[in-house]
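Q: Letter by letter, the chains look like this.
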Amino acid sequence: METQRRTDIGPPDFRNFLPPIVKANYGKWKYHEIVKPGVMVHVGESGDKLFTVRAASPRLLGTKRIRKFAELADRYCGGYLRFTSRHNVEFLLTDESNIDPLIADLATLGHPVGGIGPAISNIVHTQGWVHCHSAATDASGVVKAVMDDLHEYFDGTKPIPGKLRIALACCLNMCGAVHCSDIAILGVHRRPPRVQKGLNKTCEIPNVIAACPTGAIRPASADGVPTVEIDEESCMFCANCFSVCPALPLADPLNDGISIWVGGKVSNARHEPMFSKLAVPFIDNDPPRWPEVVRNVRNIVEVWAEGARPHERMGEFIERIGWPKFFELTGIEFTKQHIDDYRYAGLSYKRSTQLRH
Amino acid sequence: METQRRTDIGPPDFRNFLPPIVKANYGKWKYHEIVKPGVMVHVGESGDKLFTVRAASPRLLGTKRIRKFAELADRYCGGYLRFTSRHNVEFLLTDESNIDPLIADLATLGHPVGGIGPAISNIVHTQGWVHCHSAATDASGVVKAVMDDLHEYFDGTKPIPGKLRIALACCLNMCGAVHCSDIAILGVHRRPPRVQKGLNKTCEIPNVIAACPTGAIRPASADGVPTVEIDEESCMFCANCFSVCPALPLADPLNDGISIWVGGKVSNARHEPMFSKLAVPFIDNDPPRWPEVVRNVRNIVEVWAEGARPHERMGEFIERIGWPKFFELTGIEFTKQHIDDYRYAGLSYKRSTQLRH
Amino acid sequence: MADKDSNGTPMLDDLEEGPWPSFVTQIKEMAAEGKEQCGQLLHMLERSYRDKVGHWKHGGIVGVRGYGGGVIGRYNDLQDEYPAIAHFHTVRVNHPSGWFYTSDALRTVCDIWDEHGSGLTNMHGATGDLVLLGTTSDQLEPVFAALTEHDFDLGGSGSDMRTPSACVGPARCEWACYDTLDLCHDITMTFQDEIHRPAFPYKFKIKCSGCPNDCVASIARADMSIIGTWRDEIRIDQDEVRAYAESGMDIERDVCRRCPTGCCDWTGKEFVVDDSNCVKCMHCINAMPKALRPGTDTGATILLGAKAPIVQGAQLSSVIVPFMKMEPPYEELKDLTTRIWDFWGEHGKNRERVGELIQRVGLGNFLEAVGVEPRPEMVAHPRDNPYVFYEEYYEEEEEEEEEEGAEPQSAAST
Amino acid sequence: MADKDSNGTPMLDDLEEGPWPSFVTQIKEMAAEGKEQCGQLLHMLERSYRDKVGHWKHGGIVGVRGYGGGVIGRYNDLQDEYPAIAHFHTVRVNHPSGWFYTSDALRTVCDIWDEHGSGLTNMHGATGDLVLLGTTSDQLEPVFAALTEHDFDLGGSGSDMRTPSACVGPARCEWACYDTLDLCHDITMTFQDEIHRPAFPYKFKIKCSGCPNDCVASIARADMSIIGTWRDEIRIDQDEVRAYAESGMDIERDVCRRCPTGCCDWTGKEFVVDDSNCVKCMHCINAMPKALRPGTDTGATILLGAKAPIVQGAQLSSVIVPFMKMEPPYEELKDLTTRIWDFWGEHGKNRERVGELIQRVGLGNFLEAVGVEPRPEMVAHPRDNPYVFYEEYYEEEEEEEEEEGAEPQSAAST
Ligand code: SRM
Ligand code: SRM
Ligand code: SRM
Ligand code: SRM
Ligand code: SF4
Ligand code: SF4
Ligand code: SF4
Ligand code: SF4
Ligand code: SF4
Ligand code: SF4
Ligand code: SF4
Ligand code: SF4
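Chains as they are written, first to last, in the numbering used here: chain A, 92 to 448; chain B, 92 to 448; chain C, 69 to 482; chain D, 69 to 482.
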């Protein structure tokens, strides 16, 4: 038996999963055009045409739905499909006449088509209460509520100036890599960890102390047993201590919630990549639909859609009009929390007189 | 007697020193024009004309020369003159016909006229070996050598695209505020402080230890007497310890010298103010004329004068062409020393793919 | 509604409404298939919605024999109430480069997961893995056996090399400056041991984007970002440029004025690029895909260090090799990678990412250690503070004799 | 040359050659006037040129009665060889605003200094003082008496308020947005005690520039930078603009394209400014002084914290009041300044400049402490890291009772 156990074989070779037209035109594509919302065509130097239909996905998929996707792929494109880096599903067609029937079937199945070109695509997100122990909010539920509200920006009903990327992470670990998104939704804790009894049994106290960037954790002892104590004044709720020690939970119904960030980008197009900056410091968790989060995101999207120039990403737009104007247009209040006070804080102060008055 | 001792009277009221034409047009100037190198006219709403003749000064002046300036002022402009924030002397004339005779007299006295408009003005500088204990190089001597070489850029013989500001400081205290100059000449130590015997008598050991930003200073004792020892590996020669403790001199003939910095600016015109960045890490002290420093400064000036657009300051020019191009054009070698490794180092790394190849 | 309330998850039921596909529906579908775990997951999640707090505990170390990564252990804190998801571990399956599948391949995975797990997945995880969401410890070996039997293998987790990912690249993109899919597959195969057996100070991620548009967000999310670019001229089809102009595009305003270096011009007849000042940002090409294409002397820029903010603050990757040709067997890249791992392995602290290590020791020292020459392309600008370290200084003859010190006297820099 | 060599300072003699006025000539002139100090200074300096090291020692505390600042003590380390400059202290004389003088005023100072000192000066020091360079301890009181008798007073040194300085401003500049000279003189008089009696954690400098050109470099060199600006429209004389165009200026290229916000346009006939997006950078005005002028609703931006790099790195001042009207008696500004000094005096460490204090406690906390509302104008951008401090959190009823904590529970922020 043992001898038969296969390990370190790696993933299947992608070449076995490429449609013939891709094999034929591999590396020889000439240009692409957007045919209509959610549909684009790539034309090869050979003249071959590959049509891509991009459909929305909740990312959390049951095998039943995946089998449905497989069925559709068999029916319309020889069984070839792929998923995108933003978790949409893409069907790769050669027969143009299959596009509309496919879109119709997808609609019945509940998957709108869109997200290509100047549009809001799927929200990159994370586990939340569905599967993670570290979450300060849910992921899938917030995403569903926000995209229900913004779907017209996905399916092309409402045209916008350029790409707008939204991401969500349910804690500061930022598995959704929200630190570079046009709009980022971030779950945050706001209460210091509560030290659990028997911490010393589960955790290495020196590691725990070392884990804290602000030195808020000190060794202590509770009736003879070694443990730690938290200097609550210097805790900024990063949860790094919890990552290394289960006995320091931060999750707390009254103090957990969501913050909203804006103006990040990843691409090198025009402006170099940028981090997202704080827009709304805190909104209470309000399941199932987080109405305040939804309202704030829409508000920000609309301000941008209204004012941005073609191709202009959120961060480029804000840099052009200036942050004071951004806060004025969105009606978001500028507070002490918006002013950086971490390591590089000083570099974010305004060190010139170039101001609009 | 005591009662007669005057204190806290402050400086004389500048109003008593203003020429009548200035009093008459105070705050009511309309525009100015550059008449010729070193001469400009300010025209009041009244139509009055005030001519300014700006002459170079070594800044270090003996009373004899100052009396000469006073004489010239009496002869040509009713005794009114001023000095500039870059230490030039300005004569304030109302009678246009006095300009040339004044310039002639100044020439005989050895003071070229210039520095107005797109020009290299006087070098803001410091004490150096003439009067400071902290100097890693001389100030006045280097300034003299550099300006002897660049005087044509001051007196207008060689036109340039915009203002170019040079400053010199003889140690990292930067009294010349060289941190924001188009070209900065900075004296640097490169040998850790040498602990003098009897340090404990002159210095507070805890203060000395606290003064070191890199924690390179440790308490120690030499045959029973408390003193400090220097971890030479973590010393970067800032001399802050010396500022608080005379028993820790850094000055050293073999290791002191000059570094050259570029691209800083102060004005808010066009680009926000910028810090100077390292160009040449180290040049040996080579009195009396520091030929390598002079050569490097001229080289940088010429590269800029050659390539810059109208009004474009050094830093704006370099940002436009890119730092790699700057090093290529000047032939200055890019080394490990150019890469920041202090507190905010990470923020100076190139975090995009926007590169010229 | 009535029947919805009856199943006791009114809040989640509400999330089935609306145009966007619902994850709740997905869980319910699988519950309806008879997956008890999914029913209980649904109810525990509803409870989280009421309590406003998660009910998962810190995961213990679980996995498959011989591997140190690929499985995320997960247990709930209400074991008695939700026993079917008492363990609910995640299995990270290494996806095929570019996330390409055939319907058969997908069905194979579904069959395996229906047999051994909850039937729930993430297509895909944020790192790129095909995430199988929720199974019990005893099913880990069987699921692994079934997967490998069908040519699938696990991805990374813990302090190992994580599953690399790549943009669609040459398979469907005219802008791919190197073969992202091949490189991604190649390094995944080369570094199987590093992926499966955690031996690093912390995680290490590699992401491959074919051009500076960076469609896998590698500059923000990968310890090593490999981003395609070119050295020669942008290819221009002037007729197509004119066609864009005629179709009403304001080329001067929307293309030229948005060029970061202002190095392109529209004469009204011709689109002119000063390629020596082009920083390969892609904008003009993005705006006129039918008219413009990257050059043909292509390769990639290698950048290091991107990561999330925990705990010193987020980082974007920074340039370590401005331009590298990208051709199989990618030796130059692999050598560099190993040298980086060696230095990191030796000097990295526990849970210190490569980007943090570089900032701690200084880029200059890091370059020396991994044998790369410093170049101005690696910095946005040279240092603006005067705190330069020098490793040695000169001493006068006498001093030397006294101290018997070498001249120049040496002291390692920090 | 012969006679030059004979005086034994060949290196310095060489620095008398060349077109630029020579400091050596100045020292020699005063030596020739019979100032022995100057002769010895020259020879000691020549020695420094040979040795490549200075010969001055750390200055001890010297000064005039009742003052803690204004004099920099200086002693050489070769007392026996150069006794005439064994002490060679610097006296910092507070200059008149804008460095305006009459010939008589200059002669007065010369008379005093010829009598009591070396006759050498710096016109002026980098902070702005009229620097009297070199005298002996016993001459300090007499020189002070003579100066005050003629209406001059000392400037600052040590941990006090330093001599403020101002650009020429309304006296000779059409762009002055407030009366820099009057403000400079007014605060100098108001804060005489703070200038003469060091009571701060460290030095505090104020510099007044009439417009964003910042001709006294206040944003780089002053703990408090007061820089003129305006709120209304740039005044435009279109005829003069056209005159510049006719005279050959490329307004589109050299003015409009260099506008940081691209908010001005040249139609070929008219120069149009979108003042709502103008950031008052001065460029278009600088380029066309006959045609453009700042608006008439003028005031100043107040910034804090500039300093040299010792020891945490250099800082430029940052905005604390985006726009403040600047009219005598300048109460608003003086109140703010005192509130800042109070907080700094209480919380500043020894040798900690205001800019360093702000970075240590955080701008947000600093604003609270000095009673200024946070505004987006104060930052280049909001924070990009998620590490937000909150001073309080909520607790549930039970917890409270247990802990008898107030709700919300309070904890001061750092
Ligand atoms: C399919 C996908 C790659 C993949 O392997 O999965 C992809 C595919 C394409 N991208 Fe992308 N991008 C994809 C994720 C990204 C990402 C990553 C992300 O969003 O997390 C980025 C970086 C986003 C950012 O900067 O924050 C990205 C930034 C771009 C850009 C630059 C946009 C900009 O102006 O900044 C372009 C060019 C353009 O759209 O003008 C682009 C262009 C394209 C083109 C047109 C390239 C081509 O010629 O085929 C492709 C389809 C058009 C379109 O609009 O989607 N793609 N693209 C990804 C689709 C995600 C989705 O489902 O929506
Ligand atoms: C006299 C003086 C003020 C004083 O009270 O002493 C002064 C006077 C004038 N400056 Fe200045 N500036 C003076 C130091 C400065 C400084 C400070 C410094 O150099 O340390 C700066 C900031 C320099 C920097 O950014 O690093 C300065 C940046 C400017 C600028 C902006 C230049 C730019 O494009 O960045 C202008 C506008 C221009 O020249 O186009 C300007 C313009 C002017 C004008 C034209 C203003 C006017 O309408 O009268 C004045 C004479 C023209 C000229 O070119 O000198 N002045 N000016 C200073 C003369 C110093 C000297 O002897 O050369
Ligand atoms: C599953 C996934 C989120 C998702 O829903 O897709 C995920 C889930 C977790 N991440 Fe992550 N991370 C996931 C992609 C990321 C990414 C995005 C990426 O890889 O592009 C990041 C940001 C980029 C980066 O690596 O910095 C990310 C940054 C973190 C961090 C912070 C690491 C850091 O150095 O800052 C942690 C904390 C830790 O490692 O202790 C973390 C830790 C975790 C843990 C293991 C929680 C923990 O501390 O043990 C989460 C397990 C959740 C669960 O129970 O399923 N996860 N994590 C992603 C992996 C799926 C996959 O393999 O495809
Ligand atoms: C005389 C002068 C240089 C000159 O030749 O003009 C000067 C000379 C000295 N400065 Fe300075 N500084 C002078 C303007 C400056 C400036 C420029 C400015 O004020 O615009 C700066 C940079 C701006 C700033 O304040 O940060 C400056 C930053 C320093 C520092 C660093 C302070 C810091 O926080 O970084 C020190 C070190 C210290 O204070 O211990 C210093 C210390 C000194 C000392 C007292 C040396 C010492 O450590 O005791 C020097 C006395 C030299 C001597 O023997 O005459 N000097 N010093 C300037 C004062 C003349 C005047 O009053 O007009
Ligand atoms: S972001 Fe935080 S809570 Fe969300 S999946 Fe990642 S680690 Fe878990
Ligand atoms: S949450 Fe972060 S800041 Fe607070 S104690 Fe834990 S590690 Fe320290
Ligand atoms: S820069 Fe340094 S050496 Fe020069 S005067 Fe200032 S403190 Fe003295
Ligand atoms: S010079 Fe600076 S770094 Fe070196 S020991 Fe002194 S204080 Fe420390
Ligand atoms: S990164 Fe570039 S090559 Fe890859 S898919 Fe995006 S646009 Fe195409
Ligand atoms: S790729 Fe970018 S930088 Fe190059 S020409 Fe086009 S827009 Fe300009
Ligand atoms: S700062 Fe402005 S107002 Fe003052 S002199 Fe310079 S240009 Fe004139
Ligand atoms: S002052 Fe500056 S920002 Fe304002 S219009 Fe003129 S150039 Fe533009």
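Note that these hints are calculated values from the structure, not bench results.
Heads up, some of the hints might be wrong.
Said to hold, decoys possible - Below 16 Å or equal to it, Euclidean Cα-Cα: the simulated EDC-like pairs (lysine to aspartate or glutamate) are:
1. C:LYS337 with C:GLU301
2. C:LYS402 with C:ASP261
3. B:LYS427 with C:GLU445
4. B:LYS288 with B:GLU320
5. C:LYS358 with A:GLU383
6. B:LYS416 with C:ASP307
7. D:LYS402 with D:ASP307
8. A:LYS427 with D:ASP342
9. C:LYS358 with A:GLU295
10. B:LYS427 with C:GLU441
11. B:LYS121 with B:ASP104
12. D:LYS337 with D:ASP300
13. C:LYS271 with C:ASP261
14. A:LYS416 with D:ASP342
15. B:LYS159 with D:ASP172
16. B:LYS427 with C:ASP307
Q: Hey, B:LYS427 versus C:ASP307, does the alpha-carbon distance stay inside 16 Å?
A: Violated - the C-alpha atoms of C:ASP307 and B:LYS427 are around 48 Å apart, more than 16 Å.
Q: Straight-line Cα separation of C:LYS402 and C:ASP261 no greater than 16 Å?
A: holds, 14 Å
Q: For C:LYS271 and C:ASP261, compute the direct alpha-carbon distance and say whether it is at most 16 Å.
A: holds, 14 Å
Q: Starting from B:LYS288, check that the Cα of B:GLU320 is at most 16 Å away, please.
A: Measuring from Cα to Cα gives roughly 12 Å; hence the hint holds.
Q: Assess, step by step, whether the Cα of B:LYS416 is no farther than 16 Å from the Cα of C:ASP307, and give holds or violated.
A: violated, 33 Å
Q: Measure nothing beyond the straight line between the CA atoms of B:LYS159 and D:ASP172; if it is 16 Å or shorter, mark the hint as holding.
A: Measuring from Cα to Cα gives roughly 12 Å; hence the hint holds.
Q: Decide if the proposed pair is consistent with the structure: D:LYS402 and D:ASP307, CA atoms, cutoff 16 Å inclusive.
A: violated, 42 Å
Q: Measure nothing beyond the straight line between the CA atoms of C:LYS337 and C:GLU301; if it is 16 Å or shorter, mark the hint as holding.
A: The given pair, whose Cα atoms are some 19 Å apart, is violated under the 16 Å limit.
Q: Run the distance test for B:LYS427 versus C:GLU441: straight-line Cα separation, threshold 16 Å.
A: Given that 16 Å is the threshold and the Cα spacing comes to 9 Å, the pair holds.
Q: Under the criterion that the straight-line Cα-Cα distance not exceed 16 Å, is the pair D:LYS337, D:ASP300 satisfied?
A: Violated - the C-alpha atoms of D:ASP300 and D:LYS337 are around 23 Å apart, more than 16 Å.
Q: Measure nothing beyond the straight line between the CA atoms of C:LYS358 and A:GLU295; if it is 16 Å or shorter, mark the hint as holding.
A: violated, 60 Å
Q: Checking one constraint from the list: CA of B:LYS427 to CA of C:GLU445, max 16 Å. Satisfied?
A: Holds: B:LYS427 and C:GLU445 sit about 13 Å apart, inside 16 Å.
Checked against the numbered hints given earlier, this structure breaks hints 1, 5, 6, 7, 8, 9, 11, 12, 16; the rest are met.
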